[in-house]
Amino acid sequence: MIDPAKALMLFGIIAAVAALFFLPKIGLVARWKRARRGMQRVLIEDALKHIFDCEYKNIHCTTESIAGTLLIPTDQAAELLTRLAVMGLLSTGDNGVHLTADGRSYALRVIRVHRLWERYLADETSVPATEWHASAELAEHTLTAAQTEALAAQIGNPHFDPHGDPIPTTSGEIPPKVGRSLLSLHSGEFAVVTHIEDEPETVFAQLTAQGLHVGMQVMMIERNNDRVRFAANGEEIVLAPLLANNLTVAPMTEEEQRITAPLSPLTTLSVGQEAHVLSISKAMRGHQRRRLMDLGVVPGTMIRAEMTSASGDPTAYSIRGALVALRRQHAEMIYIKKD
Amino acid sequence: MKNETRQTNGTDAILSTANTLRWEIGDNIHDTLVESIYTDAQRIAARTVTVPESRPAFSFDRQLDRLITSRWFGFPLMFLMLAVVFWLTVEGANVPSAMIASLLVDTVHPWLRGAFSVLGSPWWFTGLMVDGVWLAMAWVISVMLPPMAIFFPLFTLLEDFGYLPRVAFNMDSLFRRAGAHGKQSLSMTMGFGCNAAGVVATRIIDSPRERLIAIITNNFSLCNGRWPTQILIASIFFGALVPAHLAGLATAGAVVAVAMLGIFFTLAVSWGLSNTVLKGEASAFSLELPPYRPPQLWQTLYTSLIDRTAIVLWRAIVFAAPAGAVIWLVSNIHIGELSLAEHFINNADPFGILLGLNGVILLAYIIAIPANEIVIPTVLMLTVLSAKLTGVGDGAGVMFELDDASGVADVLRAGGWTMLTGLNLMLFSLLHNPCSTTIYTIYKETKSVKWTAVATVLPVLMGLVVCFLVAQVYRLLA
Amino acid sequence: MTMNTQTHAANCEDCPVHNLGNLKKLGINMAEFDFVVALAGNPNTGKSTVFNALTGLRQHTGNWPGKTVTRAEGGFVYGAKRFKLVDLPGTYSLLSTSTDEEVARDFILFGQPDVTVIVVDATRLERNLNLVLQVLEITDRAVLCLNLMDEAKRHGITVDARALARDLGIPVVAASARQEEGIPELLKYIYEVATGTYVCRPHRLERTAPHLERALTELTRRISAEFPEIPNARWIALRLLEGDQKIIDAVRNGELRSLIRRTPIRQNEPMVNEGAV
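Residue numbers (this note's numbering), protein chains in the order written: chain A, 1 to 339; chain B, 1 to 478; chain C, 1 to 277.
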């Protein structure tokens with residue numbers, strides 16, 4: 001029989017080798033998957049996407065900006081542009097590069113997968129917001145057309161991604177860009193966040209860390225060259241203008257109620273108290289949001305905290321005569337008005 | 001044809017209009033719609049329902065809820081309730097189990113043998129059908145039916161009363177931390193009765209990710225088919241460590257420890273799955289606590305009994321019967337001097353012993369995949385066969401059980417079992433692949449070969465690793 | 001065209017109106033039955049008690065084809081007609097995307113049951129009405145079973161069943177299925193609605209938000225023009241605006257065309273011209 005100490009040592013070695021291969025993020029398999037990103041097809045698709053983005057936003061697109069976005073040297077970017085032109089996806093005019101009809105439809109296909117995937121992650125999974133973009137960058141190059149359509153069908157053919165960007169249809173339709181920068185609001189003006197730019201990633205992470213999300217109501221308090229001070233759903237937020245510029249807003253409709261004071265979440269209700277539901281945060285998405293509304297949590301609903309679980313969370317609320325348990329993380333996203 | 005073209009154009013126009021309109025109306029149509037429905041509902045209800053000003057009648061429910069979910073009484077009450085259910089199951093099943101066994105094994109089995117020989121059946125056919133197929137079915141029915149017929153009606157009664165959703169409510173924070181749903185505590189508890197039933201019970205979890213977690217981890221609940229193995233082995237190897245009057249306590253302690261270990265693995269594996277492979281699966285939480293209602297006693301007992309009997313009989317015929325045939329065949333087909341079983345046992349013994357088990361156990365767990373409850377009879381038969389013991393058992397391929405634990409202990413010790421073998425058998429009985437009924441059920445519920453494979457292979461791998469580590473550490477210390 | 005036979009069926013006053021072809025696809029065998037009745041309701045409303053009270057022991061359970069959702073089927077005879085009762089999964093809504101809701105929704109929409117019995121908990125009517133109003137958007141043949149009246153009485157809650165029936169436009173039966181109270185009336189109304197003696201005027205959502213309403217009207221108009229026979233164009237429009245793939249497919253592949261208007265045609269109304277489709 002093998003000596004137990006030796007057997008344990010052998011086991012340790014095998015476990016270490018397995019870890020080397022399969023650990024998430026730092027394992028060899030994960031590295032290999034990331035390395036595939038550098039492939040030619042990926043570069044072509046990323047370049048098309050970038051050029052489309054420039055045209056959509058009406059900004060000028062250069063070899064340098066492509067090199068910067070794709071993280072490749074400028075000469076390689078120039079080479080790539082030539083290749084795209086040869087493939088008939090690009091035409092070079094006097095004022096920079098333009099997508100041909102083919103190039104545009106190719107770009108839209110890639111963008112469709114990207115945004116659908118982000119929407120899927122946001123609505124249906126527990127993947128955090130900061131990882132959506134990176135995951136979609138992988139998915140957009142790997143999903144087949146059939147897989148994409150199946151995904152779209154599964155999540156109800158959404159028209160907008162979680163950042164507020166429109167998702168192109170299968171036939172390549174996309175509505176024109178609407179909305180304006182948060183910076184264009186004057187003091188005291190109300191608006192709704194319609195889009196949060198998800199690139200660069202660090203900026204997006206800072207914005208999400210502030211609790212900002214699409215659908216939030218904002219009111220400009222003051223802005224100058226150093227900082228922008230505004231209320232988001234009633235809470236004050238201060239951002240550098242450069243960051244604030246990544247938020248796009250649209251005017252509010254007349255019917256919507258203006259939020260003037262900080263919103264109080266359902267978690268502030270103690271057992272025995274009751275209140276009216278004011279709104280459900282747009283950060284609560286997908287299936288969870290629909291389920292909650294099915295159970296009767298809609299603006300105006302009277303809600304009463306009945307009891308807390310023996311372990312402290314969840315809490316059971318009486319909603320339209322039924323007793324419904326809500327986890328704290330979800331109750332925090334329901335805003336109430338105590339009478 | 002012309003007609004059809006027109007139709008297609010018409011439908012395309014509808015769909016493209018819908019698309020354009022969707023860009024215009026934006027993303028919150030669902031919210032708007034549900035709000036309008038509830039506005040109407042509220043208006044209708046206001047016109048038709050009158051509720052008393054003060055709500056004293058609700059207080060009984062609320063009082064009971066306060067007790068059941070209270071910080072101090074909530075958990076003790078839950079453990080007490082579960083303990084009573086298990087006690088009723090184990091104690092209540094003993095008598096009917098023994099009765100069914102004495103009927104099917106002690107009476108019908110010899111009679112069948114007689115009948116077969118009168119009809120002139122060759123010895124191998126009698127052996128295959130009567131000793132193999134019939135005995136396996138008889139065992140499964142006698143071990144499985146009584147506890148199932150007691151456990152599940154009790155469970156249904158608790159559910160109908162409204163208690164179980166409160167258990168999910170109390171347990172949720174534990175399961176939330178593991179990335180799972182509080183209702184998994186219910187499917188997990190059902191698994192203590194039968195893993196296949198536990199897997200079906202995960203239907204109450206309406207979020208795909210949490211349901212998948214509950215399905216994959218259900219096997220870590222020690223099912224009725226495994227309790228007898230645990231109790232027997234614990235009484236032989238742990239009960240014997242302490243003075244006679246404490247033996248029962250030591251046995252119960254060891255079995256409960258294994259069951260607790262199972263709960264620990266359930267949570268740990270749930271956590272692991274939800275943070276790795278299942279991170280990208282859909283997830284949501286909803287839990288309604290229905291009002292307390294008196295359960296419908298007789299109807300529940302009746303339908304539960306019919307259901308469970310049907311399931312056990314189906315399982316005995318579909319899964320246990322072929323297993324019985326295989327068990328008989330491997331013990332009676334010889335290559336050279338030895339039977340297939342002995343060849344396997346001899347070859348697998350070194351590996352088995354490295355894991356702190358032995359070749360007999362490995363073979364028993366392979367051929368008893370269809371039904372965990374025949375593991376012990378198979379182990380006994382194979383031990384007698386491979387250790388060439390005389391004076392016990394009924395011959396090659398005939399599974400048997402002994403009436404007293406000391407008899408079993410003698411056979412096992414003669415087969416080279418030590419304290420370590422007993423301990424690791426208990427661990428391996430907790431951590432191995434689900435029985436074939438459960439595997440089949442998992443496939444039917446998930447419709448996915450991938451997840452069925454994960455649910456099958458993951459526990460065996462864990463079992464092998466845990467047994468291996470325990471064996472090495474035990475040997476280092478001993 | 002397959003439609004013709006169904007149009008024929010709709011032309012007689014007390015004929016069944018369920019959709020035989022679609023029912024077959026949904027795994028329902030109607031060989032020995034005249035009418036099919038669906039049983040819908042929220043979870044915990046005593047729906048299975050109502051089911052048992054209606055069918056007794058004549059029932060069996062299985063799964064919906066291709067789904068891991070339990071289905072119970074049973075039968076009963078009333079007024080010399082044989083009814084098949086199909087228990088739909090208990091759901092809070094028909095709008096979300098869970099399998100249970102999909103199964104329930106598809107059965108009511110495509111199976112076109114002769115009657116849909118909606119079981120509600122009298123003590124939580126407001127919450128239950130969410131499902132009721134959604135069902136009434138799809139079908140115009142329904143009976144409301146106001147169950148657990150005994151519990152409501154214990155809690156001092158009263159429900160005006162007549163006012164409710166007026167508001168919803170369908171028969172309402174106050175019942176305590178556990179005590180078998182109200183079951184005879186329920187049977188009677190099921191029979192009357194199935195045979196067309198009772199014609200429902202179901203409540204439909206009056207209005208939604210203005211911006212949605214415009215889109216909805218526009219799309220409903222187009223759908224009615226293309227599919228003049230379907231009884232729930234507005235609801236189909238709503239589903240299309242929500243991007244419901246199943247409905248998009250049904251529009252595209254013409255499955256929607258198999259649905260027929262199910263209000264019995266009274267004698268003085270013109271017969272449907274078979275050649276005009």
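Source of the hints: derived by calculation from the structure; they are not laboratory data.
What you are looking at is a predicted structure, and each value in this text was computed from that prediction instead of being measured.
Treat the hints loosely; a few may be bogus.
Said to hold, decoys possible - Only some residues are given here: those of chain C computed to face chain B with a beta carbon under 10 Å:
no.	residue
1	21
2	22
3	215
Claimed, not checked - Which bits of chain B does chain C cover? Going by a derived footprint, with three or more residues having C-beta under 8 Å, they are:
no.	region
4	15-24
5	285-298
6	328-335
7	437-450
As the list claims (entries may be wrong) - Subject to a maximum C-alpha distance of 27 Å in a straight line, what follows is the list of computed DSS-like cross-link-like pairs (lysine-lysine):
no.	chain 1	residue 1	chain 2	residue 2
8	C	67	B	450
9	A	33	B	450
10	B	388	B	279
11	C	81	C	246
Backbone N, C-alpha and C define an ideal beta-carbon position, used for all residues, glycine too.
Output the numbers, in ascending order, of every earlier hint that fails for this structure. Of the numbered hints, 1, 2, 6, 10 and 11 do not hold.
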